[in-house]
Amino acid sequence: MALVPDNVTAGHPAVEGVYASWPVGRLLIVAGTMLAAAFVVTYLPVIGILRGQWATNDTYSFGVLVPFISGYLIWSRRDRLQGLLVAPSLAAGGLVVAAAAALLLLGRLIGIVALQELSMVVMLAGLVLLVLGYGFLKPLLFPLAYLLLMLPVWEIVTDPMHHPSQLLSAGLAGHVLTALGVPVLRDGVYLDLPNITLEVASACSGINFLIAVVAVGVPQAYLYLRGWLPRATVIVFAVAIALLSNGLRVAIIGLLSYHGLSASLHGPGHVLQGLFVSGIGFLALLASVTALGRRYGRVPMLERAPESRQRPRRAAGWRVAAASAGATAVLLALSAVRPDTIVLEAAAIAPPALGTEWRPLPSLVSPPYISDEAGGQATGWVFEAPTGQRVHLYIGPFAQGAPGGGLMYRSVALPLDVSPSQVVLSPDGETTLRVNRAVFLEGDREIHVVYWYDLNGMPTAQGPVAKAYASAQVLTSWGAAPRLVMAVEETTSGEPTDQQLLSHLVLDVSRTLSGSEPSK
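All residue numbers for the sequence shown refer to our numbering, where the first residue is 1 and numbers rise by one.
Hints are not guaranteed to be accurate.
To be verified - Pair ranges (Cβ atoms, derived):
no., residue 1, residue 2, range
1, Thr178, Leu44, 47 to 57 angstroms
2, Leu475, Val30, 33 to 43 angstroms
3, Pro183, Pro139, 51 to 61 angstroms
4, Gly479, Pro183, 46 to 56 angstroms
5, Leu44, Arg390, 42 to 52 angstroms
6, Tyr222, Thr491, 44 to 54 angstroms
7, Glu442, Ala325, 53 to 63 angstroms
8, Ala145, Gly388, 52 to 62 angstroms
9, Gly515, Val424, 15 to 25 angstroms
These are calculated hints, taken from the structure and not from any lab test.
We treat Cβ as the ideally placed atom computed from N, Cα and C, and that holds for glycine.
Using the sequences provided together with the hints, build the complete structure.
Encoded structure:
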């Protein structure tokens, strides 16, 4: 950016401040370099966590591309940015930067990485407003907001959509299989074929793919279409196609299994079937953008630099320097701040009363499949039914103070190739309970794991909701500390499992923790 030349006098349109013309001036080069370095130092731990999430969470594996797409969106607006006036907004920009700093500190204190990641995006917007002004924030707002799609925070929106999508996919697959002459009986998310029973798990509901569809579709709609209605139509159409194609994928799995052409429901074939869904969704996205672009195509417009008011050149330069120096100091201070250690007192937990259907065995057991990074100890018991069926039950604090400060959360650590599904249990036909469930093999044993979170007597299957509750409980001391509840059953491979009996146990535990009477 270049300062206004000395031969420009007061009253000239360029005296307002500093124009963003190329090549950039030395003042903003130095200020921008210092600010960028301070930003990286402050948020480098968050960026490292984000990279690890992209590498291990298949739902957000596309996240590594989002910053590059955002950069391209900014580059596509370079002609407009060159003609804008640099007019720092110290008050409004300072408030946004302060809000981002508060999010970062709160995220560190209560151990929620999502808040720290969200703070990074808010901080970028605040820095643009603080150092460059409203004129720059307006054209950069969409590219900056697009960065939100790279954050693994959308489960709180998508999790409630899993079960309806499972039902939709199972229903569509059942109709397709019936039309193809395959005898099938549908029971909720289960498809009973003569030789196999298929379950449309939440991990295969197609919902996880929707975030990737939106992440790819939004920039295409923004770049090539004009008007919010055509752009929204593209996204809705692509999402609908993705959901319908997932039902078709389940039907293909059922057809292959019925005719003995697929020996396993998992492995490379399952991956290829998933690619089928994604391919259909992306092709539908490209087709809809192309079709709508013929009528609602975006026409490039030459944008002129805004008219400016009179203001001394020296004031604008000092405002840029002051804003940059202040923001750099705030970022460096944030990089050095660490929260105090939080000490939580976990209440003693007695074995729950589960009625006459189950009796507790005298010995306590150590909990498998529970991460002990949070510290503390989960309490475990073994319950036995009259049929001889045994279930290991574990109840322990969900949140603990971390050694280095802040909070850490206990989690369920399943094998790497196992993804839990959210299911709705209703063993008595009246009460419903949403839980996380996973079924997998270890040697000759079939393991059934059901877990959820107890929030002062209120059950939830969503980890983000449990973390939010734990954070509020720490900050306000209101209510009881949240607990992680898990039931594990092991059976020999081929031995029948009474799923209804296990569901009754889960419901009885939930009722006991909420203060209700267990079923009789």
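Honestly, do threonine 178 and leucine 44 meet the 47 to 57 angstroms range at C-beta?
-> Holds - the Cβ-Cβ distance for threonine 178 and leucine 44, about 56 angstroms, lies within 47 to 57 angstroms.
Honestly, do alanine 145 and glycine 388 meet the 52 to 62 angstroms range at C-beta?
-> Holds - the Cβ-Cβ distance for alanine 145 and glycine 388, about 57 angstroms, lies within 52 to 62 angstroms.
Falls inside 42 to 52 angstroms, the C-beta gap from leucine 44 to arginine 390?
-> 48 angstroms, holds
That 46 to 56 angstroms hint for glycine 479 and proline 183 (C-beta), does it hold up?
-> 51 angstroms, holds
Within 51 to 61 angstroms or not, the Cβ separation of proline 183 and proline 139?
-> With Cβ atoms ~59 angstroms apart, the hint holds.
Range hint 44 to 54 angstroms: satisfied by the CB atoms of tyrosine 222 and threonine 491?
-> This hint holds: roughly 52 angstroms between Cβ atoms.
In this structure, is the beta-carbon distance linking leucine 475 and valine 30 contained in 33 to 43 angstroms?
-> 40 angstroms, holds
Whether the CB-CB distance between glycine 515 and valine 424 falls inside 15 to 25 angstroms = 22 angstroms, holds
Glutamate 442 paired with alanine 325, Cβ distance criterion 53 to 63 angstroms | 59 angstroms, holds
When the structure is compared with the earlier hints, no violation turns up for any of them.
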